[in-house]
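Letter 36 of the sequence shown, counting from 1, is numbered 36 in the numbering used here, and no numbers are missing.
There could be a bad hint or two in this list.
[Stated by the list, open to error] Quick list of simulated restraints, FRET-style, between CB atoms:
{"id": "1", "residue 1": "L17", "residue 2": "L44", "range": "18 to 28 Å"}
{"id": "2", "residue 1": "L37", "residue 2": "L11", "range": "40 to 50 Å"}
{"id": "3", "residue 1": "K4", "residue 2": "D67", "range": "54 to 64 Å"}
{"id": "4", "residue 1": "K4", "residue 2": "W32", "range": "35 to 45 Å"}
{"id": "5", "residue 1": "N63", "residue 2": "Q43", "range": "25 to 35 Å"}
{"id": "6", "residue 1": "Q43", "residue 2": "G15", "range": "41 to 51 Å"}
{"id": "7", "residue 1": "N25", "residue 2": "L55", "range": "32 to 42 Å"}
{"id": "8", "residue 1": "G18", "residue 2": "N48", "range": "27 to 37 Å"}
No lab work stands behind these hints, which were simulated from the structure alone.
Glycine included, C-beta positions come from ideal geometry on N, C-alpha and C.
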Amino acid sequence: MRGKWYIPAALLGLGGLGVFLMSENGRRWLRWIGQQLPRTPDQLLAWNEAAQRELDRIQAALNRVADSLETAQ
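My request is simple: use the sequences and hints to build the entire structure.
This is the structure we're talking about:
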């Protein structure tokens with residue numbers, strides 16, 4: 001019973017998105033996105049480096065926990 005509403009709801013959502021993107025606010029938003037794209041790779045690279053440092057820190061903490069568990073046995 002529920003499944004028959006997925007396609008109409010998706011089409012309604014896509015139609016609403018299309019109407020928004022064709023409006024003045026939607027076009028302004030698209031222009032803003034276009035202006036932000038050249039800066040995106042640098043920001044993603046910085047985020048990636050920060051995430052990698054955090055993962056390295058977590059891995060080191062897990063290794064210390066594993067070492068302490070081995071010595072306890």
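How the hints compare with the structure:
no.	hint	result
1	L17 x L44: 18 to 28 Å	holds, 24 Å
2	L37 x L11: 40 to 50 Å	violated, 29 Å
3	K4 x D67: 54 to 64 Å	holds, 57 Å
4	K4 x W32: 35 to 45 Å	holds, 38 Å
5	N63 x Q43: 25 to 35 Å	holds, 31 Å
6	Q43 x G15: 41 to 51 Å	violated, 32 Å
7	N25 x L55: 32 to 42 Å	holds, 39 Å
8	G18 x N48: 27 to 37 Å	holds, 33 Å
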